[in-house]
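Asks: Work out the full structure, taking the sequences as your base and the hints as a guide.
Okay, so the sequence shown: first residue is 39 according to my numbering, each after it adds one.
Heads up, a few of these hints could be off.
Said to hold, decoys possible - List of simulated lysine-lysine pairs, DSSO-like, C-alpha gap at most 27 Å: (1) K105 to K202; (2) K194 to K160; (3) K194 to K41; (4) K160 to K123; (5) K41 to K160; (6) K226 to K202; (7) K202 to K190; (8) K41 to K123.
Just so you know, the hints here were simulated from the structure itself, not pulled from any lab data. In this text, all values refer to a predicted model and were calculated from it rather than measured experimentally.
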Amino acid sequence: MTKLQFVGLDGEMTGSHPKSGEVASQTYQLIQIGLAVFDAEGELQTFSSDVGYDEWNSEQEAMDVNKFTPERIKAGPKASAVDTKACEWLDAHVGTGKRGLLMVGLNVAGYDMPFVRQYLPKMADRFSYRSVDLNAIIFAQSSTDDDFREFKSMLKNDAVEMLKAEYMEPNWHDAQFDAAAALMMLRKLRIYLGTREE
39 MTKLQFVGLD
49 GEMTGSHPKS
59 GEVASQTYQL
69 IQIGLAVFDA
79 EGELQTFSSD
89 VGYDEWNSEQ
99 EAMDVNKFTP
109 ERIKAGPKAS
119 AVDTKACEWL
129 DAHVGTGKRG
139 LLMVGLNVAG
149 YDMPFVRQYL
159 PKMADRFSYR
169 SVDLNAIIFA
179 QSSTDDDFRE
189 FKSMLKNDAV
199 EMLKAEYMEP
209 NWHDAQFDAA
219 AALMMLRKLR
229 IYLGTREE
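Replies: This is the structure in structure tokens:
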């Protein structure tokens, strides 16, 4: 029996609301990638890298949220170098060349993964088409929008406390923190749903 390998995945992008008829991952750029796994000993391991460009498209709302500056974007390593580095990190923490990894995150398959496929194709090839979209699971457990927001907020607060125990201070909209938080939210969600013990 093959054990499922969950990988928290998050990206920060230069925008998220393209014009009608445009595709976000072909209009805006991936400017930071974060990954998180529990290693064979059950320890949290994380990876993060900025992704740099000489030219890019952006929307002010996204840049206000992620706090990236033009100088930081220009200074980041090129996507091809980040792609190689991320694959090396995955090799070291989940097994060499391992495919079929299950991405975990908030809207991870619908939003983050198209950017990963566009800018980090070698890394994208490591992941299964299956994913764990935390938003979808939380919606499935909710009966109203208020229920959804309350449950999601509770899980995010739980993740913050769990990550503080790992010496990670809250830093939402940083891809490394968000990827780690996604794994912690999944862990807590499975406890709440009675599929795993704490």
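Asks: All hints, please: hold or fail.
Replies: To see whether the hints hold, each was checked on the structure:
Between the alpha carbons of K105 and K202 the distance comes to roughly 22 Å, so the proposed pair stays at or under 27 Å and holds. For the hint pairing K194 with K160, the CA-to-CA distance comes to about 30 Å; that exceeds 27 Å, so the pair is violated. In summary, the hint linking K194 to K41 is supported, as the alpha carbons are separated by about 26 Å, within the 27 Å threshold. Proposed proximity of K160 and K123 is supported: the alpha carbons are some 10 Å apart, at most 27 Å.
With a C-alpha separation of about 23 Å, the suggested pairing of K41 with K160 holds against the 27 Å cut-off. Proximity of K226 to K202 is assessed by CA-CA distance (about 15 Å); at most 27 Å being required, the pair is judged to hold. For the suggested pair K202 and K190, the alpha carbons sit about 18 Å apart, so the restraint of at most 27 Å is met. With a CA separation close to 25 Å, the supplied pair K41 and K123 stays within the 27 Å bound.
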